[in-house]
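Asker: These protein sequences, in sequence, are chains C and W. Under my numbering, the letters of the first sequence match residues 1 to 543, in that order. Under my numbering, the letters of the second sequence match residues 1 to 83, in that order.
Do not take every clue at face value.
[Said to hold, decoys possible] Only some residues are given here: those of chain W computed to face chain C with a beta carbon under 10 Å:
| id | residue |
| --- | --- |
| 1 | A41 |
| 2 | S51 |
| 3 | V73 |
| 4 | T83 |
[Said to hold, decoys possible] Quick partial rundown of chain W residues pointing at chain C, CB under 7 Å, derived from the structure:
| id | residue |
| --- | --- |
| 5 | T11 |
| 6 | V14 |
| 7 | R48 |
| 8 | N50 |
| 9 | S54 |
| 10 | H68 |
| 11 | R74 |
| 12 | T79 |
| 13 | L82 |
[As the list claims (entries may be wrong)] Pairwise CB distance ranges (calculated):
| id | chain 1 | residue 1 | chain 2 | residue 2 | range |
| --- | --- | --- | --- | --- | --- |
| 14 | W | R48 | C | G496 | 47 to 55 Å |
| 15 | C | A385 | W | S62 | 35 to 43 Å |
| 16 | C | T474 | W | D61 | 18 to 26 Å |
| 17 | C | R80 | W | R72 | 40 to 48 Å |
| 18 | W | R72 | C | H256 | 34 to 42 Å |
| 19 | C | A106 | W | A67 | 39 to 47 Å |
| 20 | W | R48 | C | R497 | 43 to 51 Å |
| 21 | C | S6 | W | K2 | 29 to 37 Å |
| 22 | W | Y53 | C | D506 | 51 to 59 Å |
| 23 | W | Y53 | C | A106 | 28 to 36 Å |
If you are wondering where the hints come from, they were derived from the structure by calculation, not from laboratory data. The beta-carbon is built from N, C-alpha and C at its ideal position, and this holds for glycine as well.
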Amino acid sequence: MYLYDSYDQAMVDARVEEFRDQAQRRLEGRITEEQFRPLRLMNGLYLQLHAYMLRVAIPYGTLNSRQMHMLADIADKYDRGYGHFTTRQNIQYNWIKLEETADLLADLASVEMHAIQTSGNCIRNISSDHFAGAAADELIDPRPYAELLRQWSSFHPEFSFLPRKFKIAVIASDTDRAAMRLHDIGIQIVKNDDGELGAVFYVGGGMGRTPMIAPLIREFVPLDQLVTYSEACLRVYNRYGRRDNKYKARIKILVHELGKEEYTRQVEEEFQNLLDQGVEPPLAELERLRPYFADPEFTDGPKSVDRSDPEFALWAARNTHRHKHDSYVSAVISLKPVAGIPGDASSEQMHLMADLAKEYSFDEMRVMHTQNIVLPHVKIADLHALWTRLEAAGLGAPNLDTIEDIIACPGLDYCSLANARSIPLAQRLSQRFAEKGRTEELGELKLKISGCINACGHHHAGHIGILGVDKKGTENYQLLLGGSEAEDTSMGKITGRGFDEDGVIDAVEKVTDIYLDKREDGERFLDTYRRIGMDPFKEALYD
Amino acid sequence: MKILTGNDLKTGEVIWWDGTGWSRHVDDAVDVGERGDVILAREDAERRVNSGYSIEASKDDSGVRPAHIKDRVRALGPTSVLT
Numbered sequence: 001m002y003l004y005d006s007y008d009q010a011m012v013d014a015r016v017e018e019f020r021d022q023a024q025r026r027l028e029g030r031i032t033e034e035q036f037r038p039l040r041l042m043n044g045l046y047l048q049l050h051a052y053m054l055r056v057a058i059p060y061g062t063l064n065s066r067q068m069h070m071l072a073d074i075a076d077k078y079d080r081g082y083g084h085f086t087t088r089q090n091i092q093y094n095w096i097k098l099e100e101t102a103d104l105l106a107d108l109a110s111v112e113m114h115a116i117q118t119s120g121n122c123i124r125n126i127s128s129d130h131f132a133g134a135a136a137d138e139l140i141d142p143r144p145y146a147e148l149l150r151q152w153s154s155f156h157p158e159f160s161f162l163p164r165k166f167k168i169a170v171i172a173s174d175t176d177r178a179a180m181r182l183h184d185i186g187i188q189i190v191k192n193d194d195g196e197l198g199a200v201f202y203v204g205g206g207m208g209r210t211p212m213i214a215p216l217i218r219e220f221v222p223l224d225q226l227v228t229y230s231e232a233c234l235r236v237y238n239r240y241g242r243r244d245n246k247y248k249a250r251i252k253i254l255v256h257e258l259g260k261e262e263y264t265r266q267v268e269e270e271f272q273n274l275l276d277q278g279v280e281p282p283l284a285e286l287e288r289l290r291p292y293f294a295d296p297e298f299t300d301g302p303k304s305v306d307r308s309d310p311e312f313a314l315w316a317a318r319n320t321h322r323h324k325h326d327s328y329v330s331a332v333i334s335l336k337p338v339a340g341i342p343g344d345a346s347s348e349q350m351h352l353m354a355d356l357a358k359e360y361s362f363d364e365m366r367v368m369h370t371q372n373i374v375l376p377h378v379k380i381a382d383l384h385a386l387w388t389r390l391e392a393a394g395l396g397a398p399n400l401d402t403i404e405d406i407i408a409c410p411g412l413d414y415c416s417l418a419n420a421r422s423i424p425l426a427q428r429l430s431q432r433f434a435e436k437g438r439t440e441e442l443g444e445l446k447l448k449i450s451g452c453i454n455a456c457g458h459h460h461a462g463h464i465g466i467l468g469v470d471k472k473g474t475e476n477y478q479l480l481l482g483g484s485e486a487e488d489t490s491m492g493k494i495t496g497r498g499f500d501e502d503g504v505i506d507a508v509e510k511v512t513d514i515y516l517d518k519r520e521d522g523e524r525f526l527d528t529y530r531r532i533g534m535d536p537f538k539e540a541l542y543d
Numbered sequence: 001m002k003i004l005t006g007n008d009l010k011t012g013e014v015i016w017w018d019g020t021g022w023s024r025h026v027d028d029a030v031d032v033g034e035r036g037d038v039i040l041a042r043e044d045a046e047r048r049v050n051s052g053y054s055i056e057a058s059k060d061d062s063g064v065r066p067a068h069i070k071d072r073v074r075a076l077g078p079t080s081v082l083t
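Using the sequences and the hints, build the whole thing.
Answerer: Here it is, written out as structure tokens:
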């Protein structure tokens, strides 16, 4: 993985001291909250319902054990012993003190981490495939390109005050594990008929109050023009994106209002202008980055493992992913124990995951946007030993991509924007289905919960989605069906009138009953929904 | 009744106006009537509260109950925490 050079370290260290001074001036009353707010947000520090919240960037979700140990230490030293892994492959701390934040940031900087650009109207953390560099089905490792874009977008003076926040995802396989087309820019690295590598650009996707699937803007951008083309996309947005209305300021609205053709025409014109201006980093920079993402020294070993223990067999079947080396797999540590809080991990669990990464996965981990942790390179021969350690620590839930693997935003338990709670709903739903023993029978079923229309819980993209709304001061929940954030991207549709908390849990169960009754061989929930449509589900819910 | 709440500037903790200062306990909150804006302006200027605001609440034998669920969650803390 990428390691800071002296320039990176100097920039991050300087930013810590700058923030220390800003926070001190705020505490001494030399600047007002109105003046301080944009400064703290540039460093990822929000004021939430109960306390300050700090969002720490984990570039494309990749981190090593030294960093994970530090995240655990920070949870103990500055928070309440736990952290929350987010749907943007980051981590958030919920109980931060302003007077301690600069010290916290200094501790982060000591392990090459920061919270810069995790808030504000700038280019946020670049996200990617959590199996990047390991997956059997990828064309190349997309992370060197994600890193190039991270460096380009960090402190980019032209793009520090965009009309609204901006999110970029980079993948390099036909299977989309990063919700690529639900980003402001989605980039897929492909190979053309001549065998050359390039990038497909999708621009103008997103969830939130106006969900849109990003349209295809360009089928092939040579990889040595990747940054230039990204700059052109951003420059048109920065020039014409709406700054008069926060709710219409995302690039998806611009692309929609201009039309894909006109937006593309303007991007192409800008791109031609930029090509001569030396925007693209020299090839030597990419070559400098590439060795950081070189394969570890894989060694041959057994290609299969004894699965006579049924509990281990279930976990191995559910929570591992095919690796490009046939003696290895990528193993997913579920942060979704039955009745647990999706994405939360205690400091003890973080320390354990760090130790296991060191021991079994070449010192590397990934944060998934589904709020789980990946050990990307686990030798098949070590799989049972790994599972035994996880199981003993309560981290062995065999539920990847099942109805128990629920995405949930912090919701009204923590977030000042939320209208309803997400966490208790997720806990009750996973408990309901686990107790009924129906999880395996239901197969792949992605359930996603957001506590408000901002959609941090990706409810639009859930096979089953739940959106919390405010109904005259009480929590109410809308149910959506048919969404997907994978390569078959689709937006869920609302079933009808909303439910209270008990009602929506029963409603999810009714929906799964219809699926089990109507499904044909091999169909996932989403396949059945797409075949039979909304009506049978509505009849069961409302008649 | 109208009560005042906000966050402690240094720690971010949820605080409630008790008539003479800021308390961590919602049950200490007092009715400020129409004086909320004046109190908040003074307390903000003295950096004793951050992002303060006025809310509707009711009081009975069990204590002070903010009208909106968001403020009830602020008063009581998250309804579920990692154990």
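Asker: Hint by hint, say whether it matches the structure.
Answerer: Here is what the structure says about each hint:
Checking W:A41 against chain C by beta carbon gives a least distance of about 12 Å; that is not within 10 Å, so the hint is violated. For the restraint placing W:S51 at the interface with chain C, the shortest Cβ-Cβ distance is roughly 6 Å, inside the 10 Å limit, so the hint holds. About 6 Å separates the beta-carbon of W:V73 from the nearest beta-carbon of chain C, less than 10 Å, and the hint is met. With a least beta-carbon distance of about 9 Å to chain C, the hint placing W:T83 at the interface is held under the 10 Å criterion.
Against a cut-off of 7 Å between C-beta atoms, the interface hint on W:T11 holds, since the closest Cβ of chain C lies about 5 Å away. For W:V14, the interface hint holds, since its Cβ comes within 7 Å of a Cβ in chain C; the closest pair sits about 6 Å apart. Look at W:R48: its Cβ only gets to about 11 Å from chain C, farther than 7 Å, so that hint breaks. Given the 7 Å rule on beta carbons, the hint for W:N50 holds: about 6 Å separates it from the nearest Cβ of chain C.
Because the closest C-beta pair between W:S54 and chain C is about 16 Å apart, greater than 7 Å, the hint is violated. Annotation: W:H68 was flagged as interfacial toward chain C, and the flag holds, the nearest CB pair being 5 Å apart, inside 7 Å. The interface hint given for W:R74 holds, since its Cβ lies 5 Å from the closest Cβ of chain C, which is under the 7 Å cut-off. Interface hint status for W:T79: upheld, as the beta-carbon distance to the closest one in chain C is roughly 6 Å, under 7 Å.
Checking W:L82 against chain C: minimum C-beta separation of about 4 Å stays under 7 Å; hint holds. Hint check: W:R48 to C:G496, Cβ distance near 48 Å, so the stated range 47 to 55 Å holds. In this structure the supplied range 35 to 43 Å is violated for C:A385 paired with W:S62, their Cβ-Cβ distance being about 53 Å. C:T474 and W:D61 have their C-beta atoms about 23 Å apart, which keeps the hinted 18 to 26 Å range intact.
A hinted range of 40 to 48 Å for the beta carbons of C:R80 and W:R72 is inconsistent with their spacing of about 21 Å. Between W:R72 and C:H256 the C-beta distance comes to about 38 Å, which sits within the given range of 34 to 42 Å. Restraint check, C:A106 to W:A67: a C-beta distance of roughly 42 Å satisfies the suggested window 39 to 47 Å. Against the hinted window of 43 to 51 Å, the Cβ-Cβ separation of W:R48 and C:R497 comes to about 45 Å, which satisfies the hint.
Under the hint 29 to 37 Å, the C-beta atoms of C:S6 and W:K2, about 56 Å apart, miss the expected range. The hinted window of 51 to 59 Å between W:Y53 and C:D506 is violated, with their beta carbons roughly 36 Å apart. Separated by about 33 Å at the C-beta atoms, W:Y53 and C:A106 satisfy the suggested range of 28 to 36 Å.
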